[in-house]
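Listed here are the chains, written in short residue letters.
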Amino acid sequence: MARQSKIKKARITKKEMKKAEKVCDISKAWLDTNVKNTWCPGCPNFLILDAFKRAICELATSGQKKKEELVVVTDIGCNAKIYDYVSLSGINALHGRILPLAFGIKAGNPNLKPVCFGGDGGTYNEGLSHFLNACRYNMDMTLIVHNNQVFSLTAGQASTVTEQGFVEKTHPFGVKEKPFNPIALALEAGVSFVARVSALDIMEMKRVMQEAIMHKGFAFIEILQPCIVFHNNSDFLRTSTYKINEMDFENALKEARKWNYSQEGKAGLGIFFRKQDRTFEQKNLEWKLRNKIKIIS
Amino acid sequence: MRFNILIGGRAGQGINELANILSRALGKAGFYVFNYRDYGSLITGGHNFNILCISDKKIGSFDYKYDVVLALNKETLEIHRQNFHKNTTFIINFNENRENFIFLNANKDKTENMAFATALFKILGLEKDYLLDEVKKRFAGKSMLEKDIEVIEHFYSKDFDKEIKVNHEKTSKVVLNGAEGTAKGAVISGVDVYFAYPMTPATTLLNFLAKEQDKIFFAYTFEDEISCANAGVGASFSGNRAMIGTSGGGFDLMTEALSLQGMTELPLVVYLAQRPGPSTGVPTYTGQNDLLVACFGGHGEFSRVVIAPGNAKECIEKTNEAFYLAEKFGVTSIILTDKHLVESDFSFNEFKLKEIKIPERKLKPGMPGILFRRSSYEHDSDWNNAEDAKNVKESFEKRLEKQKMLEKEAKKFEMYKIYGKGKDLIIGWGSTKGAILDALDSLDARFLQILYMSPFPKEISGFIKNARTVFIVENNATSQLSKLVAQNTGFIIEDRNKILKFDGRPFIPQEIIDELKKRGVK
Chain A
1 MARQSKIKKA RITKKEMKKA EKVCDISKAW LDTNVKNTWC PGCPNFLILD
51 AFKRAICELA TSGQKKKEEL VVVTDIGCNA KIYDYVSLSG INALHGRILP
101 LAFGIKAGNP NLKPVCFGGD GGTYNEGLSH FLNACRYNMD MTLIVHNNQV
151 FSLTAGQAST VTEQGFVEKT HPFGVKEKPF NPIALALEAG VSFVARVSAL
201 DIMEMKRVMQ EAIMHKGFAF IEILQPCIVF HNNSDFLRTS TYKINEMDFE
251 NALKEARKWN YSQEGKAGLG IFFRKQDRTF EQKNLEWKLR NKIKIIS
Chain B
298 MRFNILIGGR AGQGINELAN ILSRALGKAG FYVFNYRDYG SLITGGHNFN
348 ILCISDKKIG SFDYKYDVVL ALNKETLEIH RQNFHKNTTF IINFNENREN
398 FIFLNANKDK TENMAFATAL FKILGLEKDY LLDEVKKRFA GKSMLEKDIE
448 VIEHFYSKDF DKEIKVNHEK TSKVVLNGAE GTAKGAVISG VDVYFAYPMT
498 PATTLLNFLA KEQDKIFFAY TFEDEISCAN AGVGASFSGN RAMIGTSGGG
548 FDLMTEALSL QGMTELPLVV YLAQRPGPST GVPTYTGQND LLVACFGGHG
598 EFSRVVIAPG NAKECIEKTN EAFYLAEKFG VTSIILTDKH LVESDFSFNE
648 FKLKEIKIPE RKLKPGMPGI LFRRSSYEHD SDWNNAEDAK NVKESFEKRL
698 EKQKMLEKEA KKFEMYKIYG KGKDLIIGWG STKGAILDAL DSLDARFLQI
748 LYMSPFPKEI SGFIKNARTV FIVENNATSQ LSKLVAQNTG FIIEDRNKIL
798 KFDGRPFIPQ EIIDELKKRG VK
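Heads up: the protein sequence lines correspond to chains A and B, in order.
Take 1 as the starting number for the first sequence in my numbering and just add one per residue.
Take 298 as the starting number for the second sequence in my numbering and just add one per residue.
Okay, chain A solo, but in the shape it has when bound (with noise of 0.2 angstroms):
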């Protein structure tokens, strides 16, 4: 069974983001690029940009991951910007279809590791179909979702993961629906890892990251993550998630379906399911191997 236990308050302050920003001092002659940030002053984003950095950083200077190898592969909203953020290899595609466009760069050339960031609204919304058939067919790639719940460079409209009575403009009287639990979709789905974290935690964001590149198979990270402009639940994030560790299938469904997304209960929080599959890439080698057909790499 799972441990629970409360994170610790997650404020970022001044202070700690200033040291942030000097642990990464490394990375920045790798990473960074010289276009201007254009995200909210505040915005959990540059947690999630940084906890990125130093992923990617250490998996680089540790030799675990070269640096070219690395595609980032972004939707359409305030999550895509990351293309312009980080001085990698890497595509900005349109708003839904960031797997579609990874699936291509990965059978053009399986050396190839892409990395899609993708929001709510273009994963949940606009890519259901490729999000459920990216868990199927276990490509060898990460998916990282900025989830905050809400549709923000449009100027927050509900997505299909915004709670029940969240009144907007164009949901003057209240989201009716009950949103989607994207956890236990991807499980259901046959995802080979899952994981959920909190923006507010740089550290944790960083090791799943981590853990996610370096995995065998489709990675799948939801980041919960508050808009500070039209959907703040930086409060229930600090308050109201606990850690949780890596279970079984059964369990890590039954613990996916203890929180549904409102703004009430407990989320938990950590990597919920990991298994090694063969990949998609492996199967078709497999397949040719098999059928004595010509390897072109």
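Keep in mind that the hints were calculated from the coordinates and are not lab data.
By construction, the Cβ of each residue, glycine as well, lies at the ideal position given by its N, Cα and C atoms.
To list a few chain A residues with every Cβ distance to chain B over 10 angstroms, as calculated:
{"id": "1", "residue": "VAL167"}
{"id": "2", "residue": "PRO172"}
{"id": "3", "residue": "MET203"}
{"id": "4", "residue": "GLU250"}
Just so you have them, the derived chain B footprint on chain A, three or more residues with Cβ under 8 angstroms:
{"id": "5", "segment": "78-90"}
{"id": "6", "segment": "100-107"}
{"id": "7", "segment": "126-137"}
Chain A is already provided as a structure; the job is to place chain B on it using the hints.
Then chain B, alone, in the frame of chain A:
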């Protein structure tokens, strides 16, 4: 001399397979052949038929007057009754004793079709080896092969008391359909990936390419057309020659990704096999109603190539050119075909292919020290997203400049073809080519076949100016090509000179001759 063979029966009886075997075997024997396929949108039952035309002269069309009928069921005789003449010979496998009827008395199992094929070969007085070779090639390694050979030997030794003499050349012909041609073109162009979602009539190409996966890297069906198109752009991003394929409905879904291609400038080849729309339309029949969506589909303004081959050999050549232009200029190349082109068999004398060398990519992601970046946003020259007015304007100009470069480069290739002699001019494109060419023998007119729809060969205005009357022949209801002609040459083709057919069926030469003669062509 043309000789028309009808092969009819229930769906599921292997009508098309039988016609394919016969067309290739007869081609080997020295006939020019044309094999038209007609089938409904169902799996078993219904009525399917093929019309196989053979001749000692080049042919590119079929006719509804049948000289021999291979009736795999009784219904065939009912349905096509009005197209028989007094000398029509019937080959049947149900007991009916009438004049001109040849009763095979073959086993009603999977080998039945071979009995039909053999009987046809026998009454045409052809050597059985052509048939045996084709069957052996096609069913190599399959358990049926031995039984099939037995049946062929048995029925060839029978005497059917009937002989029909049809002239043919001695040299073997190459027989292939448009989908095979496109597959060949893609393979010689070094295609690395082909992504498609099943949709008639585009699926035939997927079948061919999936079979040839020893030559190409990967053919796959993702969850939908949107996914296939985006994956195509993705594969191109990682440095591959990527091709995607679909028919009209799927193309609508793919246009969003074409627009992405326009912005990211990653080379992409699209295979678009038309069928009559709108919407689901008439799925298993033919039409030329997606010309304008191929030329203009996708939001925003960007350069593209649209090429419409007119027979299977042109499918090979033009697919090769499509890959070349896509790679050289980082554009989308659309190969525009239709059901009549991709599922009909064409025949040619042995030919040598002129392969165009396609430029290799210099930069790919994964190369050490290389940052390979692309964006769907407007961007600066380093592919950083940038929205300032000066940059937006300059980037636009850079992308649209390609259309001019394309116009220049495409002149190296045949962008149009002109046939025949006469005062009047017939304009056509794509799969109508065969029927128009066959009709041309009886007409005092020239035929202008337009192959490049974008960039458009503006120099055709010379032919238009010199013609007494300009006619257009199209398999659609609104004459889409005449709109392109008007846009590019300023010449407006009069409505009464538009010969349009939009019942899902291809033209036969006689229809074109009749329509043109009505309008005063000699």
